[in-house]
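Chains as they are written, first to last, in my numbering: chain A, 1 to 379; chain B, 380 to 758; chain C, 759 to 1052; chain D, 1053 to 1346.
Keep in mind the hints are simulated off the structure, nothing from the lab. C-beta atoms are modelled at their ideal positions from N, C-alpha and C, and glycine is treated no differently. One should not assume that every hint holds.
25 Å max Cα-Cα, derived DMTMM-like pairs, lysine to aspartate or glutamate [to be verified]:
(1) C:K1019 <-> A:D248
(2) D:K1144 <-> B:D521
(3) B:K648 <-> D:D1102
(4) A:K246 <-> C:D957
(5) B:K648 <-> D:E1314
(6) B:K625 <-> D:E1320
(7) C:K1019 <-> A:E126
(8) B:K510 <-> D:E1314
Simulated restraints on C-beta separations [claimed, not checked]:
(9) A:D198 <-> C:K850: 57 to 67 Å
(10) D:E1101 <-> A:H49: 31 to 41 Å
(11) C:K1019 <-> A:H49: 17 to 27 Å
(12) C:E822 <-> A:N330: 53 to 63 Å
(13) B:A429 <-> C:E822: 39 to 49 Å
(14) A:A97 <-> D:E1101: 52 to 62 Å
(15) B:T511 <-> C:Q900: 26 to 36 Å
(16) C:G1029 <-> A:Q79: 40 to 50 Å
(17) B:E541 <-> D:R1129: 21 to 31 Å
(18) C:K1019 <-> A:V235: 24 to 34 Å
(19) A:D198 <-> D:E1101: 44 to 54 Å
(20) A:G146 <-> C:G858: 21 to 31 Å
(21) A:D182 <-> D:R1129: 17 to 27 Å
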Amino acid sequence: MNLHEYQARALLKAAGIPVPDGDVATSPEEVEGVAKRMGGAVVVKAQVHAGGRGKAGGVKLAKSAGEARVHADKILGMQIKGLIVDKVLVVPAAEIASESYVGVIVDRASQRPVMMVSPAGGVDIEEVAAKTPERIFQASIDPRYGLLPHQATSLAFQLYREPQQVRQAATIMRQLYQAFLDAGASLAEINPLITTPDGSVVALDAKIVIDDNELERREDIARLRDPAAEDPAEVEAREVGLSYIKLDGNVGCCVNGAGLAMATMDLVKYYGGEPANFLDIGGSSNPHKVITALNIITRDPSVKSILFNIFGGITRCDDVANGIVTATANTKLERPIVIRLTGTNESIAVDILKKAGFEALTDMDEAVQQAVKQAREAA
Amino acid sequence: MNLHEYQARALLKAAGIPVPDGDVATSPEEVEGVAKRMGGAVVVKAQVHAGGRGKAGGVKLAKSAGEARVHADKILGMQIKGLIVDKVLVVPAAEIASESYVGVIVDRASQRPVMMVSPAGGVDIEEVAAKTPERIFQASIDPRYGLLPHQATSLAFQLYREPQQVRQAATIMRQLYQAFLDAGASLAEINPLITTPDGSVVALDAKIVIDDNELERREDIARLRDPAAEDPAEVEAREVGLSYIKLDGNVGCCVNGAGLAMATMDLVKYYGGEPANFLDIGGSSNPHKVITALNIITRDPSVKSILFNIFGGITRCDDVANGIVTATANTKLERPIVIRLTGTNESIAVDILKKAGFEALTDMDEAVQQAVKQAREAA
Amino acid sequence: MSIFVDRQTKLVVQGITGRDGSFHTKQMLEYETRVVAGVTPGKGGQRFEDTVPIFNTVGEAVAETGANTSVIYVPSRFAVDAMFEAADAGIKLVVCITEGVPVLDMTRVMPFLQERGTRLIGPNCPGVISPGASKVGIIPAQICLEGTIGVVSRSGTLTYEVIHQLTRHGLGQSTCIGIGGDPIVGTNFIDCLEAFEADPGTEAIVMIGEIGGTDEQQAAKYVSHEVRKPVVGFIAGQTAPPGRRMGHAGAIISGSSGTAKEKVAAFEAAGIGVMERPVEVVSLLQERMKGVGC
Amino acid sequence: MSIFVDRQTKLVVQGITGRDGSFHTKQMLEYETRVVAGVTPGKGGQRFEDTVPIFNTVGEAVAETGANTSVIYVPSRFAVDAMFEAADAGIKLVVCITEGVPVLDMTRVMPFLQERGTRLIGPNCPGVISPGASKVGIIPAQICLEGTIGVVSRSGTLTYEVIHQLTRHGLGQSTCIGIGGDPIVGTNFIDCLEAFEADPGTEAIVMIGEIGGTDEQQAAKYVSHEVRKPVVGFIAGQTAPPGRRMGHAGAIISGSSGTAKEKVAAFEAAGIGVMERPVEVVSLLQERMKGVGC
């Protein structure tokens, strides 16, 4: 789960990290008011779960409250990577003496959290990593000990020479690691971490990504989810335990298991089609999940054919068949559907489907080919 | 540093452990009032840093508030192992279905905290350990992971069969370990942990010993120190950084270093004397410490001779000599003093002492023999 | 022959009385897996299906039955402690089926298990099956066939699809392992490749990867240097939108973005036969196995 | 010859610019100990006494100077991190002079150092001196004499007293070690006995113990089985009131109350020559060393 910048800032602030003032606003008028209170010169920043906000025009410097209002008017309602901006963060324009990067992530290879810093902050850190990897410094964190003071100090010396700034940066790193842990994050970064002309070290922008598996035990963090900032279909899917991602194609896919779902999409592509979505109904499916899945797929106007690919293990094929029959009992499907089922209770499922007038296939390649062909014919 | 029972109970309660009601009182009238509020049947418990309170008559069951007052009248002012009781804890008399022991300590051999439980609670746990060691169960705690749930559950199954009680006891153990950590304790125990007739698990008595080295970073715990409950001389010594323990003999000892101090006391005994105290002036001594040390020793009426034994390393002999001279400049010593100094700045020290009319020895055995002899002659 | 589990496997089921635990224990018993004990705190002394003794703790289960392997079906909030408990009890192979274990918890679990010499498979995995010998986990036994192909995969149902293809064409399996798709798993591709290479009962290996991370790339390097048996592979997620599963910063450390393209290239560079479709596993294997004269 | 420190010792002083650190560094330099670096964060680039380079981190100090040993003089609230830092920098011997380190911190320090193969001496100890070769810590050099007696002790000044007696009577020392009197120390008696036994430059061993714990009893057992060189010992605290230094519960685990009486009995049972007074170290040693023909 992604947090908005303003939410991430609040978590860092709670952890003791110096973060400049900032207010969230949802209308140009409100932005103007906030900017006035802040003395006029502010930055208006789109709060949206997408990278590259700046390039997309979602971050603007204003010299006056009036200018802030004008910017806000443009930014609010803007689409960035398909997501509509419905709120902005207004912060005082900061005077920046230097910009660094500080971030902590879980590294899959070492199976540990890693704190990374770079004196090349304020820019895309992946580019720094690709072009000048020698400007990135890391400390591997033993999670049983946390980020040790000497590790933080050592990294801080890579950013600053001034002992006071070194101490401040080391403290911020330890606070960032604590915030990362407390939030159950898989990524927490400050970019840029700036020094101001008076020498103090301040976090100007923050990004935190939460491990979804942490949400069950962290109600306070789970409450930060902003459904308005996500695709409504993805939200609906998640609420019943489905995993759904909208894509650009026209073959609607409904599969059990993420790996098989991806393989199914790949096969759609292989046979010349384009998947309309990723949809994993998960392990122990029940008819209700299947109904929701089918509803989400059929609601997507770009879907031209529907493909079920179920390999029954824990998932029982008859459950899926019943779901399909129930979902289509009242509202007739307006698009062709291809159903492939194999594994647990396969024959029962085939009977159920046949009685309801559906055909059932057992071969994945055959099913995918049919679905692609039907989508092409319908398009 | 020892905590009083009532202080330990408060820490356990703060950690979430169920602890019965209880109030501290300093007068029989107050005890009667508390007992009345609690319904009459109470236990009055001396709050004093000494084991064996019960045997000494410091813990009494009262059937009525009036009886509680009578008991309190006896207990308040009572001496237990040389310490005067100036407050009591009043708790409602509990109905006890079973008594267990639960405690956590730092084990020197494994260099780890160890959680110990025994179904034989409510009695002296050392006796249980000596007589029926098979009734004590332990879990070694990796301090990087804490007491793991399965460890607590496994120990709890040694105390109870009822799943509800097992869960309660396991939770209490995890809370006890947390309280132990948070307090910077070297020992935290509940004895007895009881079950009440209605089946719930409750901590009836608590004992916590704090590692003195933790006090610097734990102001809240340091504030729990009760100087009224300690020997005033020991308090005074601690406040200037001396380590002093009053003993029964008549040779007052002042030594630098705990090991050498003990060896000096042993040598006093070896030559037929009895040390009046343990007194370690520590590493980098300054004249002020020496003055306080001498004041504490001379204030003890049982001291018949005074013995300094200083091996100069970090401690400079001249500092000690200056301290002795300053301390005795205005108030003449009324008891014989034997000074042994060797090591760093020994010759300067000897000069200082000679000028002030003191003799200085360099041999430890000789000095101890003289001090013992003088004490014997003065007695 | 097989790896990790076989007829010597004496299994304790952690969470045997739960919904998933009891369902799959029945399946494992049907497959004649040696399920010697179950654990559910508070149900010690009872028996599962009138046969398998239930204990309050894994320690007791091991002491009483000599269990050497455990499988975990407890809910996610208890899974971490279940892994700790198994390792503390001296279990040498722990298979954690439970999904939803936080990654930060796994960073603490791994050094704990390593210190105790305990191998973990999973979490969030379908487990292991050595057809004809032992099933530990949830891989459907009816799609498997005893044989000489080693299968290792990050996926669940996609693995079944591949096994199914193998079995339909008479290519039996020595062992099939689902290592799980979480960012941190106890056993990775290389661990399995090493074991398959050393196993005289395995003649060829099927590796099924996914987008994300660099496990497949490292495994490919390992194959090119250390594995002499034929290896064929598949990568799921060619069409997956980038960055939906892993944070971008991961790439800074690994120097890789974990795309399917990159992984396929690594496979090809290592001489691994790459399937474009799962169904190709059969023809590719037959071709490769002929090549080395198996 | 000697143990732990010698002319190969290249020392980095953690906290070199502090009050204690600078005082004792001068003393160590006077003794010609190879002090190659100092560390004080923020003073990197400066020099101590115009000679010893100062670094911001131990890692830099090790990289630049090849330091293999560190001595810690930082205040107690920084001591734990100083130990972590030294071990992380690859230092193999850390001598922590600082006193006042909480015991619970030490329970976390020890496994950290053990994983990295770092030996710790201390905390709260006077350090190590191999007379004529290297002094690391605060043991006064002027009381020492090069020779063949190994001295190991839990005390500070009591050790000096014993060393002083040895030197006065011409019994020089191979190495003198103060292991520290805290409940948890990095190096215990057995570690030192093992090293002395293996050191060809050591002919006899003096062990100075105290009341509390069971280190001396375990060391006595070790001596009876593993040490062939003559050993003499002393226990301080015969007259100490019981229970003033250690909690009673410690005895439940160790099965011992750590009294002087018990320790003396253990020494005697192991054939260790027990001094009643520190001064007896000389006569006892002479007697024992004659016995084995040294």
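Hints, verified against the model:
Annotation: proposed proximity of K1019 (chain C) to D248 (chain A) holds, straight-line Cα distance about 20 Å (limit 25 Å). As the CA atoms of K1144 (chain D) and D521 (chain B) are separated by approximately 23 Å, the hinted pair is consistent with the 25 Å bound. Distance hint between K648 (chain B) and D1102 (chain D) is unfulfilled; the C-alpha atoms sit about 51 Å from each other, more than 25 Å. The hinted pair formed by K246 (chain A) and D957 (chain C) fails the criterion: a straight-line CA distance of about 44 Å is larger than 25 Å.
For the proposed pair K648 (chain B) and E1314 (chain D), the alpha carbon gap of about 18 Å is at most 25 Å, so the pair holds. Note on K625 (chain B) and E1320 (chain D): the hinted pairing is violated, with a Cα-Cα distance of about 31 Å set against a maximum of 25 Å. Distance hint between K1019 (chain C) and E126 (chain A) is fulfilled; the C-alpha atoms sit about 19 Å from each other, no more than 25 Å. Among the hinted pairs, K510 (chain B) with E1314 (chain D) is consistent with the structure: their alpha-carbon atoms are about 19 Å apart, no more than 25 Å.
At about 59 Å, the beta-carbon gap between D198 (chain A) and K850 (chain C) stays in the expected band of 57 to 67 Å. Our hint of 31 to 41 Å for E1101 (chain D) and H49 (chain A) is violated, since their Cβ atoms are close to 58 Å apart. Taking the beta carbon of each, K1019 (chain C) and H49 (chain A) are about 25 Å apart, inside 17 to 27 Å as hinted. At about 56 Å, the CB distance of E822 (chain C) to N330 (chain A) agrees with the hint of 53 to 63 Å.
Checked against the hint of 39 to 49 Å, the C-beta distance between A429 (chain B) and E822 (chain C) comes to roughly 46 Å, which is consistent with it. Judged by the Cβ atoms, the range 52 to 62 Å given for A97 (chain A) and E1101 (chain D) is violated: they are separated by roughly 36 Å. Judged by the Cβ atoms, the range 26 to 36 Å given for T511 (chain B) and Q900 (chain C) is violated: they are separated by roughly 56 Å. Remark: the range hint 40 to 50 Å for G1029 (chain C) to Q79 (chain A) is upheld by a beta-carbon distance near 46 Å.
Checked against the given bound of 21 to 31 Å, the beta carbons of E541 (chain B) and R1129 (chain D), roughly 46 Å apart, lie outside it. The supplied range of 24 to 34 Å is met by K1019 (chain C) and V235 (chain A), whose beta-carbon atoms lie about 31 Å from each other. Distance hint check: the CB atoms of D198 (chain A) and E1101 (chain D) are about 36 Å apart, inconsistent with the given range 44 to 54 Å. Taking the beta carbon of each, G146 (chain A) and G858 (chain C) are about 24 Å apart, inside 21 to 31 Å as hinted.
Taking the beta carbon of each, D182 (chain A) and R1129 (chain D) are about 24 Å apart, inside 17 to 27 Å as hinted.
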